[in-house]
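K.L.:
The listed protein sequences correspond, in order, to chains G and R. Just so we're aligned, residue 5 is where the first sequence starts under the numbering used here, counting upward by one. Just so we're aligned, residue 939 is where the second sequence starts under the numbering used here, counting upward by one.
Please note: incorrect hints may appear among the correct ones.
To be verified - Calculated cross-link-like contacts (lysine-lysine; reagent style DSS-like; alpha-carbon spacing at most 27 angstroms):
| # | chain 1 | residue 1 | chain 2 | residue 2 |
| --- | --- | --- | --- | --- |
| 1 | G | Lys243 | R | Lys1411 |
| 2 | G | Lys334 | G | Lys164 |
| 3 | G | Lys74 | G | Lys12 |
| 4 | G | Lys9 | G | Lys164 |
| 5 | G | Lys243 | R | Lys1316 |
| 6 | R | Lys1363 | G | Lys115 |
| 7 | G | Lys111 | R | Lys1316 |
| 8 | R | Lys1206 | R | Lys1307 |
| 9 | R | Lys1363 | G | Lys99 |
| 10 | R | Lys1307 | G | Lys111 |
| 11 | G | Lys329 | G | Lys315 |
Hints were generated in silico from the structure; no laboratory data involved.
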Amino acid sequence: MGEKKIEKIYVLWMSTGLGCDGCSISVTGATNPSIEDVLAGRLPGVPPVVLVHPVLAVEAGEDLIEYYRKAERGELDPFVLVLEGSVPDESIAEKQQGWWAAFGFDKQTYKPITTVEWLKRLAPKAAAVIAIGTCAAWGGIPAARNNPTNAMGLMDLLGKDFKSKLGLPIINVPGCPPQGDNFMKTVALLILAVLGLSPPPELDELGRPVFAYGETNRQGCPRAGFAEEGTYAQEFGAKECLLSLGCWGPVVKCNVNRVGWINGVGGVTNMGGPCIGCTMPGFPDAFSPFYTRQSEHMLSLRFGFLPGSIKKSARLNTMKTKTDKSPRWK
Amino acid sequence: MCLDKLSPEECKELDPPGSQSSNVREIFWDPVSRVAGDLAFYVKVDLNARKVIEARSVAALFRGYEVILRGRDPRDAAMISSRACGVCGGVHSVTSVMAQEMAYGVTPPPLAVVMRNLAGAAEMMYDHPLHLFLLAGPDYSAAIVSKTNPTLYETAKKTPAEHRDIHGFSTIGDLMEALNPLSGKLYLEAIQITRIAREMFSLMLGRYPHPSTLVPGGVSTTLRPDLFTDYLVRLTKIYDWAKTVALIWEDLVNFFYKEVPEYENVGKASKINIICGGIYDDPELAESGDLYKYDKAKEWGERRMVTPGVIKDGQLETTSLIDANVGLEEFVTHSYYEEWEKQPKILEKDPLGNPLSVDHPWNKITIPKPGPLNWREKYTWDTAPRWNKLVVETGGGPLARHWLTAIANKIPSNPFIKAGGGRLKITVPKGATLPEMELEWKVPKVINALERNRARAYHIPYVIGVAMNFLLKAFEYLRAGKTKVWNKFEIPREGIGVGFYEAGRGWLSHHLIIKDYKIYNYQIITPSTINASPRDPLDQPGPYEEAALNTPIVEKFTTPEQFTGIDILRSIRSFDPCMPCTVHMFTGGRVITRDVTTCACSI
Ligand code: SF4
Chain G
5 MGEKKIEKIY VLWMSTGLGC DGCSISVTGA TNPSIEDVLA GRLPGVPPVV
55 LVHPVLAVEA GEDLIEYYRK AERGELDPFV LVLEGSVPDE SIAEKQQGWW
105 AAFGFDKQTY KPITTVEWLK RLAPKAAAVI AIGTCAAWGG IPAARNNPTN
155 AMGLMDLLGK DFKSKLGLPI INVPGCPPQG DNFMKTVALL ILAVLGLSPP
205 PELDELGRPV FAYGETNRQG CPRAGFAEEG TYAQEFGAKE CLLSLGCWGP
255 VVKCNVNRVG WINGVGGVTN MGGPCIGCTM PGFPDAFSPF YTRQSEHMLS
305 LRFGFLPGSI KKSARLNTMK TKTDKSPRWK
Chain R
939 MCLDKLSPEE CKELDPPGSQ SSNVREIFWD PVSRVAGDLA FYVKVDLNAR
989 KVIEARSVAA LFRGYEVILR GRDPRDAAMI SSRACGVCGG VHSVTSVMAQ
1039 EMAYGVTPPP LAVVMRNLAG AAEMMYDHPL HLFLLAGPDY SAAIVSKTNP
1089 TLYETAKKTP AEHRDIHGFS TIGDLMEALN PLSGKLYLEA IQITRIAREM
1139 FSLMLGRYPH PSTLVPGGVS TTLRPDLFTD YLVRLTKIYD WAKTVALIWE
1189 DLVNFFYKEV PEYENVGKAS KINIICGGIY DDPELAESGD LYKYDKAKEW
1239 GERRMVTPGV IKDGQLETTS LIDANVGLEE FVTHSYYEEW EKQPKILEKD
1289 PLGNPLSVDH PWNKITIPKP GPLNWREKYT WDTAPRWNKL VVETGGGPLA
1339 RHWLTAIANK IPSNPFIKAG GGRLKITVPK GATLPEMELE WKVPKVINAL
1389 ERNRARAYHI PYVIGVAMNF LLKAFEYLRA GKTKVWNKFE IPREGIGVGF
1439 YEAGRGWLSH HLIIKDYKIY NYQIITPSTI NASPRDPLDQ PGPYEEAALN
1489 TPIVEKFTTP EQFTGIDILR SIRSFDPCMP CTVHMFTGGR VITRDVTTCA
1539 CSI
């Protein structure tokens, strides 16, 4: 991208995965940076960012679709593609001449253009591809046991080795929904990278930004001190460690306890909610039924005196084999 | 528009060639994008007669939550069903825990009821600004009105705003300017207000959307002494804003009526048929243990701070949640689901012995069956909920809540809201710049787009009253040492539950049946399931469809190409289909355009 002067950066948002749009809502709550900050060009040295989001776009209707068509024709460059919601298996619906999720119609045939079709057309042309939320990243709730749509994550559709035009893998910002700032910071870092100003955000082996998902929930939990002393909550509302009430914090990668939910307010275990693992590939099935003591925790709960190093290796193993792994990945 | 599977002959019959004359326009906004569930909307408009002659509402996305919930541990229901909608990001889990509490036979402690009420009020303080200024607002902004009704905009610029001393905008034109998307003062302010409200919600239930500290039996929020004061500090920041919002919309609505009397018919409902779930429970009933018992649903429902019930043809039909529940049916004649009549009926009767239809949500079985779009057969992923075969609407939420509350005269006495005789009197405390004020809302003559919006503007002060009332309760409980927030429960082998509540945009119910300690059936009826519904077996159109059909074309245009259909969009948006979108409809031939929004119409 080096020589060509970049006048505008487009962020193309697709909210027509199978999702609830909670991710969009979460992003509108972000304050660090806020969506207005980025759109108004309040990042120094950054050209205007044009967010094409069905929720916030000034343009709508055919004007809005036209952005996606232009991107397909290679006329929007550079653009960052964002998917919210999981990817359904359209081959099932197709057998009955129907569809699960679609976005716009083909002008000739009046047939809906499915989300899957758009993704295949747009992803190879994008400077970077971001999957926002657990749905888009790993499949999430629509991909849970019994689901009729055989839903999956974006990585499952495009392949693990997919690389965007900038040479980046799919960037996954999971969470159901993700904390808004985690997404906005990732985008800000990416924009700076597209401009050649900063290195791209550091990603882990599953494409997650390390600044947000490099540590476990427990590592940032204000109740960890209680756990260290071996005191556990006996009922909801209590102030001690929540492991006894089914919290999964020790094997869940998430920074929400440290950064708070919105503007520093709220969160999960810091507020009293046992972590249900909503950022993880195994969510929800690997963590369900929620609020029940998990066998994984028996070690900690029974043998509070175990050295940290033993607990740590047991936890790493749980993540590898269960929580940090989608049931789709054999 | 002939879509799929119809032979050319059938097409001709449905769409006689004459109807394709240059003055009949077909518009298909597709898929009505974004917030939780995609809505597409099709209309056929006769531009000579200035009439909408056909309207179809299409939910264009299916996810399968009800199917996914089957066979799971019932405790998973709140967390999973919450993800049905991220815009109504708190109400689903609350409704779900209420349904579970009924099935488990547990009552939350009073303070937990208070905390849920405070969270519920905060959710409305986030939801209504979002709709009024990011979704509906742009429809009334200078940017839009100056294009679609230029003379009206000129008049607006010269018309002084009645309440200018309070809201600070001298003319209606200034107000319209402030409503401009992305740049207007009101638009930008509203985003900030939604954040403050979401912080308030998070103080009570952990986070928004998809609360992290809500559990059956109460809440799991760890009580810190500053939780309620932190909430109050944020609430005080909204006092003055709420007063101005009510009066801003009062001025706007009155201006439209005065200048264009036909506005009375824009988005009009043919009959005044309303359903409301009621919201904000009386914590005192938690102490007696009556709360969320099915056989006591009439009593606890009528003690809510917003009265539940049904209005039929303008008359109060019932305020009993049991009646509201028993009359519910969901039809799939025009929806991409299979009928379930052949399956054994799950429940013949409700727990009180009232007979239940096979189409009642407790008996409904979700069997998805995707297929092509066909106006005469199946055209949506939404179902058609009806009440005793009647098409009812939710008034976009606040209109139903106000109407029921104002005529039923049942809410518990409190220092902030007086209801009765078709009026609501709301006292909003003194804020940083404005004194304490009493605002009054009156039952209107009709249900239409403007009234849905006006009611929504008054609902922000209303929920401030609700929040104040329950904050005082919270402090009372804290003083009395009643600090318990959770009661233990056991999951029964068999159980039946239903939760009734209100999302921002209206009625919400979750129906649950437990067998062998597992979820046997789980059904959700959202306000948009009701409002965006297709035709039913009696061929009655759903509320969006009906509102579009009743809408006169008052927009100014000289050539058909200039026609935007703004008033049809105003109608649909007044139901609060979740998030902002701007007006852009394209005419000329078969134009396909993507616009508008809805919320969770397909679960
Ligand atoms: S990840 Fe969660 S919050 Fe985001 S769209 Fe999916 S269900 Fe909604």
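K.L.:
If a hint holds in the structure, say so; if it doesn't, say that too.
P.N.:
We went through each hint and held it up to the structure:
1. Lys243(G) / Lys1411(R): 23 angstroms, holds
2. Lys334(G) / Lys164(G): Roughly 14 angstroms separates the two Cα atoms, so the pair holds.
3. Lys74(G) / Lys12(G): 14 angstroms, holds
4. Lys9(G) / Lys164(G): Distance ~31 angstroms between Lys9(G) and Lys164(G) Cα, so the pair is violated.
5. Lys243(G) / Lys1316(R): 53 angstroms, violated
6. Lys1363(R) / Lys115(G): Given pair Lys1363(R), Lys115(G) is violated - Cα atoms ~52 angstroms apart, limit 27 angstroms.
7. Lys111(G) / Lys1316(R): 22 angstroms, holds
8. Lys1206(R) / Lys1307(R): 33 angstroms, violated
9. Lys1363(R) / Lys99(G): 57 angstroms, violated
10. Lys1307(R) / Lys111(G): OK: Lys1307(R) and Lys111(G) at ~26 angstroms, within 27 angstroms.
11. Lys329(G) / Lys315(G): 20 angstroms, holds
Against the hints set out earlier in the document, violations occur for numbers 4, 5, 6, 8, 9.
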